[in-house]
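Chains as they are written, first to last, in the working numbering: chain A, 6 to 527; chain B, 23 to 354; chain C, 29 to 314; chain D, 35 to 371; chain E, 22 to 339.
Derived by calculation from the structure, the hints in this document are not laboratory data. These numbers were taken from a predicted model, which means no experiment stands behind them. All C-beta atoms in this analysis are idealised placements derived from N, C-alpha and C, irrespective of residue type, glycine included. Each statement offered as a hint is correct.
Straight-line Cα separation of at most 16 Å, EDC-like style, residue types lysine to aspartate or glutamate; simulated pairs: (1) Lys383(A) with Asp58(C); (2) Lys296(C) with Glu249(B); (3) Lys329(A) with Glu340(A); (4) Lys188(E) with Glu218(E); (5) Lys291(D) with Glu276(E); (6) Lys97(E) with Glu198(C).
A few chain B residues that face chain D, going by a derived Cβ cut-off under 10 Å, partial list only: (7) Arg248; (8) Tyr251; (9) Ala257; (10) Pro262; (11) Leu346; (12) Pro348.
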Amino acid sequence: KSGDGAAGATIVHGKTDGGTTFVRNYNVLGPATDKAPNMELVYEPLMRVDYGDGGVVKPWLAESWQFAEAGKLLTIKLRTDVTFSDGKKFTADDAVYSLGLPIEKPDFSIAGITYKSVAKVDASTVAVRFGEPSYATLNQFANILLPMVPKHIWSTQNLNSWTNPDPVGTGPFTLGEFKPQQITLKARTDYWGGKLPMSTYKIIPTSPDALKAQLLKGEVDWASNSWANGEKEYVAKDPDKHLYQLYSNGGAMSVLFNTAKPPFDDVHVRRALAMTIDRTAVVTTLQRPGTEAGPTGLSEQLFADWLDPAYKGTVQKVDATAAKAELAAGGWTVEQGALVKDGKRYQPSILFNADWGWGNYADILINTWKQSLGLQVKGAGQPSAGYYDKQNLGQFDLVAASTGGSGVYGVYRFLSSTYRTPIGKSATLNQGRWNDPATDAVIAAMQRTDDVEQLKTLGRQLQKIVVDKVPFSPIYNNYYFVEINATRWTGWPTPAEFDHIPFVGMGPDTILTLLGLQRRGS
Amino acid sequence: MRLAFLARRLGFYLAAAVAAIGLNFLLPRLMPGDPSSAIVEELERVSGQQVPAETLMSIRAIFGNPSDNLAQQFVDYARQLSHGDLGVSVVNFPVPVADLVLQALPWTLLLVGATTITAFAIGTLLGVVAGWKAGSRFDAILTPFTTFLSSVPYFWVALLALWVFGFVLGWTPLSGGYDADLPQGFSFAYAVSVLHHGLLPAATIVFSAFGGWLLGMRNMTVTTVREDYVLLAQAKGLSPRRVMFRYAARNAMLPSFTGFAMALGGVVGGALLTEIVFSYPGIGYLLYEALQKRDYPMMQGVFLLITLAVLLANLVADLAYVLLDPRIRAKG
Amino acid sequence: MLASWKVRVGLSVLVFFVLLAIFGPLISADPRANDITSISEPPSADHLFGTTQFGQDVLAQTIAGARGSMLVGILAAAIGTLIAVLVGVPAGYFGGAVDNGLNFLTNLFLVMPVLPLILIVAGYVQGTGPWVIALIIGLFGWSGGARTLRAQALSLSSRDFVLAMRMVGEPHRRLIFCEILPHLTGWISAMFLHGMIGGVMAEAGLAFLGISDSGSISWGTMIQSAQQQSAVLRGLWWWFVPPGLCIALIGTAATMVNFGVDEVSNPKLRMARRSVLVRTRKAVEA
Amino acid sequence: MTSDPAAGLAVLDVRGLTVEYATGDTPVRACDAVSFELRRGEILGVAGESGSGKSTLITALMRLQRPPAATTAGSITFHPRAGAEPVDLVTLSPSGLRSLRWTSLAIVLQSAMDALNPVMRVGAQFVDVLRSHDRSLSREQAWAKAATLLGMVGISADRVRSYPHELSGGMRQRASIALALACGPELVVMDEPTTAVDVVMQRQILAQVLRLRRELGFSVVFVTHDLSLLLELADRIAIMYAGRIVEIGTAESLYTKPRHPYTRGLRDSFPPLRSPLRRLTGIPGSPPDLLNPPPGCSFHPRCPDRFDGCDRERPELLTVDEHAVACRLYPSGDDRA
Amino acid sequence: MSQPVLEARGVSKHFTAGRAVVRAVEDATLALQPGRIVALVGESGSGKTTLARMLARFYPPTSGEIRLHGKTVQGKPRAYYSDVQLIFQDPFGSLNPLHRVRYNLERAVKLHHAVRTKAELEGRVVELLERVSLSPAEQFIDKFPHELSGGQRQRVVIARALAVEPKVLLGDEPISMLDVSIRLEMLNLLDRLRTEEGLALLYITHDIASARYLCDDIVVMYAGQMVEGGPKEDVIAAPLHPYTQLLIDSSPDPERSRRDAFLDDEDLGEPPSLIDPPAGCRFHPRCPVAMDICRTEAPRRTERPNGQWTHCWQQENA
Ligand SMILES: Nc1ncnc2c1ncn2[C@@H]1O[C@H](COP(=O)(O)OP(=O)(O)OP(=O)(O)O)[C@@H](O)[C@H]1O
Ligand SMILES: Nc1ncnc2c1ncn2[C@@H]1O[C@H](COP(=O)(O)OP(=O)(O)OP(=O)(O)O)[C@@H](O)[C@H]1O
Ligand SMILES: [Mg+2]
Ligand SMILES: [Mg+2]
Ligand code: NI
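Modelling step: build the complete structure from the supplied sequences, incorporating the hints.
Right under this line is the structure:
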């Protein structure tokens, strides 16, 4: 049905996380939480993160950049061949306007913007000034939520309420037709990055289950969704054309300890619990065998070069004896399912997001703790909203949460005590309230350098802290899941060999993927 | 008498509408804490941004400005509503709730309306026959079977149906309301596509809903068939079909009719779970999404709409009932 | 009443499930125990109902689910029935201003769309336990019952035997409790059963929508969990069929009891039984 | 009596009619070998206490009984007017029966409120039956005829458009009598048609029935528990007790010379309106439970004249001329009272 | 004649149904004396039940007063009920099918007497059953209503009423639901109670023959009004009011030569609406001897020396 019309070159993307209808709101920076999907194909950022290369930041609309003043001043040189889809050139004015928006309008202050001011240097150069050394936070310019927008259009609008129904951006596509249940994007012929092999990019809303059928039937070419047992149920049916790929995103699903309150302020307790997590059971039931996280929380697929060799290839097995020894060392006993020390009983609970259906995995953890330590941990599921509330307010003992970020610094950054708040006050990072001078020192050092070797050394120091002091304990690695039906389009990257991830919603990576495709048979 | 009856019903529905609006107004305010601040916080948490002044105003109008007293808040709220303004969706800011609701409404009306009527028709018809032939093999098999059917959770049926017909057999699409490739409008292909997509959800709704009608109708028919006037109709030598429909069914239907009216009112609420299973773009799904994303203005708006629709349907049903049952006019 | 086979069968099924809910979890396996050596396995000698994606025993979960679902169902029914009695009976018995007020309340709740209302309220009080869910379901599910009870109490209160006992000097309290209420037990128990399936169904629906206490196991959460893991599309029927069937079974059982009770109390329905027809035919042929 | 040439000939010949209710393990025999003859133009009264099987008999006569009632034995021979072949209503095919219904056999039920369809206008219920038996009749003609029929029983024509509940009890009852006469039946059975109305109205209605019978010449089976009424109204009277006819005879002879002790007791249960008062006792005890009928003569437990053997032998209904009685006091059915 | 126990003086009852007013009883006066039976006859809807229920204080009269032992009654009816009891028409409906005979009687005894022991209670109940000829009492005491015949049920109802030791019994068609053959037993029982216990009895019926059998005085009601009253034989033998005449003529009377009454096939129409009753004498639209004055002015009460009275212009002018 979909696809091979006369126009021929259409690629269909099945979107599973957007409900049944789309909203025509292309105001990238606006306050709505639901906006039009795949805006990254219209609005592009200055840089991109190369996950194929340890999460290093690479140029995109920016041609090159340079740090000065010990990492406090960043001069960005822009590409000169970029035009907006209305034909106007992309200039430093636009970049200054775009980068200035979040500063000028605190409403738009996306979490993670750390620069203080922006200035135009010349027609294709801008200078960004930071308050402190910021080598490590360069990736904020790769955030698709900090896109380059046309000043000539945006500056005349009330950005709070404007829905930008006909977006004009630098990206390879313009909006063709917008229907609540289908969006068609038209490929530009004058895209700076080159000519796209397809003329149309179609987005249809679907549900995870429906998507599976659509993929099998070839109605959808490309989607980003996990398919438990996808190897067997999908790939095996046509290994040539049915592709199901996992790309590490550098993070992991972990247990975060609330280190601000007993008993998890005691490293022995943390270690004992970390030692008795049955990671293999979890990944088995997840149907993602072999994805147990190492003790550092850094995935080997991504951070092979950065990992301390000592931790490479480690699969943490349940070790009840060692765990009991840890408890004993800390002076803890387990009585009637509770941790006891100095006459005080602690019966911990584990917070998890019920909307993710994580209850069953929590049960696995709880069971293992019970079996190996006799400790009875209570499951405390919450729907998303409550889950985040409680997590941010520190109202938990243990929480199952995702950790991650780009680069080693990105992954560990949240452990900095600068993000720490007292229990009861919301923290957006460091919800475990980790407070360790050694950690802080290493993180601060990483911010002050862009020297790769030095970063690697610092990174290993952090890894050691994480492994030894266990501020959190990783369970399994997180991935970008990619489902492809390559019947119409070939040329997809593979996890074995990629320099961009064919994941929809990754900004430049999505564009790179599209640029690299070919129509099958032509 | 008749007019007095109608006037009284009308009065009740007006009062009920006021109560519904009041409930809608009070619900968020009854929750612990100040609703608008809660929503603003929620919004900030979700978007990671500060809430702009416009959103804030919209939220305040619907959920109250904590500094105003309750009466003032209600006045603001009522004024807002009287303009047809249900507020602005938080999640889809700045799209008005009313727009989103209007977009979803036709789908729900079409799917649930058609199926409610179909289920009622099928259930009532079979119920009349089963009741008429009470004790026959037809009745002895159909009635217990239907009892079972009507006890099966309908989203579960929907899941199974989706699996069998959508997935295994591939006869029907798995989600959505129409083939997105087709231009929307009154084309033949579009209509076919709408029907094709609606078939399975419709079938499951009908499948799990007709049983209730059947059982109720059967028992009413059994009772009615034993009335003297049915006996007399038989004695009059009228054809069995005429006796069955004009005398037995016509009277037996009166009680189910009230239920049917309520069901029709409920149409606007959508077949919540079915819509969700089939990702059908109706009101039910809208409410579900609002709920998931904690889009309170949307929740409130949808709920108000559903309530008012139910009230309206009940009113219409009452009016129709007056026509159906002449006795009501006298009783008042 | 037990003369009706429908009542007997229905009650047996219900009693079975109630016993299962009470004692089942004591003797069955741990429903949360994960056996990762047997994942998503179809029914076998080891796991009579098979296992889930998480290596949990479906039988044990179904039994634990009986407790979760029945608890909500029974609580909701009890709350709903209690309110229905408290509102309906005085309204019917006393009439007048009491009736006007209570009847308006009843009609109001009667025309309110219940499921959306429950959803909204449940949405406001997120992440709740079975008690709150039951409370919400009960609070919004009493109106139909109250209307019936009101009508019944109204007609009973003007029945001669009530007047006669009043003339003998019985106080209102005794008239309500000793003369009127006993006549309503049929209605009330029917209402309770109805409320119970309603509660079980509503809980399942809410769980399916993700509004439930994720810590507890109920048939609803089982179906939801199966749905989340695409059990339906993967053909893991043994995972989601038992909870659905259990709901259908107790629903059918409750309906059967009500049907049977109806037949006993309504001779017209009793006459419509198949056995009557068959016997009559035999008599004519003899 | 009428001047109908066919007068005196039987219109209905009931022989050994037995009706049972097939409930429980032992069937309830509500009509037990009932036999009687109804002559053209005659009013046959059937009197008996509550539960004696009067309604059962009537519905069985019209083949209107429904499960669990079943006619298990006997015949009902109907002799149509214009020399057509007699038919046995018990075995007649449903379609054959339907063609007789209302054109030949009509019924008036006890409560007119329940017998009229509450959601149809009164006139429409006439039109319904008129048009289904005479397809040539136009809608307008049918409505006009309905108005005429109502006029016949003293209801003004503008009432055809009323709903049943808009009429008073007496009007409803008269309307249903008019309805019974709509297709000119030969036989009208009436099951307590006036119990729900009071005496003044009762008298008016019955007067109209008598007048209409004079004009139209139909026969009537009239069922009531009020013997005193029947004595004035009926030509012949059958007394039922526990599902059987215990005595049948002309009204005069039944009043002046009741033979069966039950008939006598029943007659003496009505205090006189004018003649001197004396202490009356009615009939002691209560009617039998048909589930457990007493052996022998079912009246024997209450019978003042019972003698040895009444509790074993069941007396047959023995006919002598116009009078028949089932009592062992009259072994040959002759007059000994 | 002795002092009346219970009196209704000029009582009226107007029901409001929507905007309409139903004038169910208008200016009714009635006196019940110990040891005497008054019969109230009239056709359906004439207000007999309404009057009885006012006397039983189920409804407050719209106007007029009810006097017990010469004193106007007011306040809670509880004490009143130890003197006045009402027997309903339907013996099945007035017994709760869920309670045994024993319960019904024991409650009544307990509420009105301080019984100390179980044996005393039992004794009283047995005695009551025997008073209404339900003996041996043991056979009936533990039965449910549905296990009794209609006549037996009605006896239990009477026994329950007697338990409070009333002075007045109001019987609202107490025998009309019973089988013809057992009606007389019930009438005889009532007669015995009157004689033995000196009860004052109101006997409501539409059967004038049974009224004659049981009562001392007859009062005739028509359309909410009392039209005639007096000693029974006088009223029946020589009715003063044309309605009474009509009622007597309409009553089945086998002694009358057959079919006489059916010969005058005259349509007298319906009883009047009580919402909008005819002006003047309410019977005038159906009255064969109506005069002009009947249509405009309500007739006053005319009394005869024999105690017979009526409201009729014919008599007033006579
Ligand atoms: N549906 C039934 N099932 C069983 N027995 C029945 C049924 N209907 C009637 N009977 C029995 O049949 C007998 C005759 O009933 P029927 O209604 O014919 O009496 P009836 O003479 O018309 O009484 P009434 O004067 O009260 O109308 C009664 O004893 C009754 O118990
Ligand atoms: N609660 C009431 N509300 C309105 N009207 C009433 C009420 N009770 C009785 N009536 C009317 O009052 C009139 C007298 O009724 P009542 O029952 O007293 O008559 P009755 O003489 O007892 O008749 P019957 O012989 O049928 O028992 C009737 O027209 C009736 O419709
Ligand atoms: Mg009968
Ligand atoms: Mg009365
Ligand atoms: Ni009578």
